[in-house]
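Enquirer: Can you make the complete structure from the sequences, with help from the hints?
Listed here are the chains, written in short residue letters.
There are 2 protein chains.
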Amino acid sequence: MTQAVRHDAMRARNLALVLGEVSARGSLTRAALAEITGLTKTTVSKLVGDLIEAGLVVETGAVRDGERGRPGVEVRVSGDHVAAVGLEINVRYLAVRVVDLTRSVRLRRTQAVDNRAARPEDVIARLGDLATAAVDEAVEKGLRVVGSVLAIPGPVNGSTGTVQNAPNLGWRHVPLSSLLRLPVPVRIENEANLAALGELWFGSGLPDFLHVSGEIGIGAGLVVNGRLFRGAHGYAGELGHVVVAPDGPPCRCGGRGCLEQYAGQETLVTAGADGDAGADGDTRDAGDTRDAGDTGDAGDRAEITGNDTDDQGVARLVSRLRAGDPAALAACERAGWALGVALSSAINLMDPDAIVLGGIYAPLFPWLGDVVASTLAARLGQMRSTVPPVLVSRLGAEAAALGAAGQVIEQIIANPAALLQS
Amino acid sequence: MTQAVRHDAMRARNLALVLGEVSARGSLTRAALAEITGLTKTTVSKLVGDLIEAGLVVETGAVRDGERGRPGVEVRVSGDHVAAVGLEINVRYLAVRVVDLTRSVRLRRTQAVDNRAARPEDVIARLGDLATAAVDEAVEKGLRVVGSVLAIPGPVNGSTGTVQNAPNLGWRHVPLSSLLRLPVPVRIENEANLAALGELWFGSGLPDFLHVSGEIGIGAGLVVNGRLFRGAHGYAGELGHVVVAPDGPPCRCGGRGCLEQYAGQETLVTAGADGDAGADGDTRDAGDTRDAGDTGDAGDRAEITGNDTDDQGVARLVSRLRAGDPAALAACERAGWALGVALSSAINLMDPDAIVLGGIYAPLFPWLGDVVASTLAARLGQMRSTVPPVLVSRLGAEAAALGAAGQVIEQIIANPAALLQS
Chain A
7 MTQAVRHDAM RARNLALVLG EVSARGSLTR AALAEITGLT KTTVSKLVGD
57 LIEAGLVVET GAVRDGERGR PGVEVRVSGD HVAAVGLEIN VRYLAVRVVD
107 LTRSVRLRRT QAVDNRAARP EDVIARLGDL ATAAVDEAVE KGLRVVGSVL
157 AIPGPVNGST GTVQNAPNLG WRHVPLSSLL RLPVPVRIEN EANLAALGEL
207 WFGSGLPDFL HVSGEIGIGA GLVVNGRLFR GAHGYAGELG HVVVAPDGPP
257 CRCGGRGCLE QYAGQETLVT AGADGDAGAD GDTRDAGDTR DAGDTGDAGD
307 RAEITGNDTD DQGVARLVSR LRAGDPAALA ACERAGWALG VALSSAINLM
357 DPDAIVLGGI YAPLFPWLGD VVASTLAARL GQMRSTVPPV LVSRLGAEAA
407 ALGAAGQVIE QIIANPAALL QS
Chain B
7 MTQAVRHDAM RARNLALVLG EVSARGSLTR AALAEITGLT KTTVSKLVGD
57 LIEAGLVVET GAVRDGERGR PGVEVRVSGD HVAAVGLEIN VRYLAVRVVD
107 LTRSVRLRRT QAVDNRAARP EDVIARLGDL ATAAVDEAVE KGLRVVGSVL
157 AIPGPVNGST GTVQNAPNLG WRHVPLSSLL RLPVPVRIEN EANLAALGEL
207 WFGSGLPDFL HVSGEIGIGA GLVVNGRLFR GAHGYAGELG HVVVAPDGPP
257 CRCGGRGCLE QYAGQETLVT AGADGDAGAD GDTRDAGDTR DAGDTGDAGD
307 RAEITGNDTD DQGVARLVSR LRAGDPAALA ACERAGWALG VALSSAINLM
357 DPDAIVLGGI YAPLFPWLGD VVASTLAARL GQMRSTVPPV LVSRLGAEAA
407 ALGAAGQVIE QIIANPAALL QS
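These protein sequence lines map, in sequence, to chains A and B. Each number in the working numbering comes from the position in the first sequence (counting from 1) with 6 added on. Each number in the working numbering comes from the position in the second sequence (counting from 1) with 6 added on.
Read the hints as simulated data drawn from the structure, not as lab findings.
To spell it out: a stretch of chain A is covered by chain B in this simulated footprint if at least three of its residues, at any positions, have a beta carbon under 8 Å from a beta carbon of chain B; those stretches are:
#1 237 to 245
#2 354 to 362
#3 386 to 395
Here a beta-carbon is modelled for each residue, glycine too, at the ideal position from N, C-alpha and C.
Expert: Structure below.
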């Protein structure tokens, strides 16, 4: 290792150290940074100068340095310059979120669309358009968008940028990275993993939990001590194919009685509509903020800017549940029981501190949450002094796209030198 | 932080760095150590001197330093001075292993005994006697025994030294650390976690696997990239209570249809003996190295020194399987199927690279392995390009006690300064 390489490596490490402390603790004086990092004040001042120049941190007004009695200026992470894009291809919608370095959401774009009915190339082109427009708009706001991550409902090989198999989209071996035209670099990642990270960075703030991402498929992401657990190949958290009943209904995975057959979106929506398929309009609650009217028709390209990405099916199910429809209530009861059975296996294996129900389980939580909790209590209560609480995600369907943007932010904070050099 | 404290912390870090490299790479010259660690040769020489003095490393004969052409002396980890004790309280036996710093097993003591029939105090006193005798013997061999870890079949609160609940022993809130009289410090830890670590350090050498510890209870330990996964509270890996069939036979945990009801030692042994309870002697295979005769009668204090800690029940089951007993074969078939169902949930959730069957599943592997593998293939093969292979542990019932000793060795290598100061 040459002297120059050593110096660059040390500078990169120290830049990350300083930015990491500022990001974690809020705002800090240079003197406090020197104390915390063990670096000299001269070194800290030089590093802070570089981070300010790159637009990553900003100085705040002069404050009193309590300890020494000298005036000090604090630095904090800047939300005005660098930003990241989070993208999601869901079965029923496309989503784009632009997030700045302070983790404030600066732009939300969601397009309700039936991605199963379209060719992968067309879906990817549509996402490219939506994302490019959002990046353009962010640039107009003065933001420099430095990277993006794309959430996909299926196992992903990040290194090749290829979607191996997203059965709910009907995609196999789609070379996503090479098809997607974007003005910023993109990495792809599994939706359930990103939704868990979204919950970590934008949701409850709990450091240890299992986030359940209820969609057409059911994925989960385990966060332990603030870090995502990925397993040996990055495929951990396939909760949807945990066995509820070994001889249950056949699953598209080749198994039988998987959780998805009891609690997946399609089973819930179909079962809930038993004998009531034509009566949707009558039972819809006009005051429902998650009403399908807000999200546009499935297959339509209506742009929605809110957090409400549930498709008509789930919105109708919620309306029906509110109206006390027995078939809908029974479907939720059964789904909640199955979730409780599968989650009791997951808790025995993975030992999370809490369960956070997200995706479609967020709007369905009033009809699911208690059944899940009581099933867990019955199966786990005798062995464990405490059974993990069952919580609802505040982010719902937005979690994955936020987690995707958040992952870019994390990378910047972990290695700001890469940005300074570019 | 004072100058002296800083210096001590840096020295401790550098001692760990040097010993870690020597332990990981075999033997190294001081020059090579300086190159690898980035420390100066003077610093390395001083650190190596301290490690030699503490008996942690030793010099080997002079060798040619290829790069520089100067003669160099290599240092390697010493097996002659420092040692660790691994202990296990199993339902059916007590085990002690003494392991030196090179991870060679120096002493094996196993006592077949029915620990469920005895009071916790008596079991603990008996283990204390067995371990103290082993430590005395190790000291006679010139070894300095610096610590021990004790494997317990149940969740353990390591910080208080109390066994919260070991249902298979019938123990609740047993203040183990304060009852156990040992000439060395002891920490307690869950048996399944330690068995997985035993497999990592003394077994196949794979870096990513789920080790299944088949005993009266069924535990599992997940190793990811050479590290044990513990979950939020250290209770991860409770494979025995993963749901096989939600309405199956009631389990002592309060649930129903848990894996333990299909594949636990008692179910296997009992089901295998159906209608054949009196015929054990007739079907026993005299050539069986795992024959019960080697381990002494259960409840007896016969001391055995080998690796053979299976109790009579499993040995009889193996004999019966060899004789082609239909009830025994059916019990193994059913257990293998149930293991496959539960493991398919575990693979979906935890994504291990391989499954290693240990404990009683090691001797039963010829009758279980194929059923487990075919059940996994049927449930996972369609979704995954590769299904994790199902392997047999070479360590069997010895894994936990070895993992316990190995954990002490790891701690010494991670922080040799603690030993130098004492």
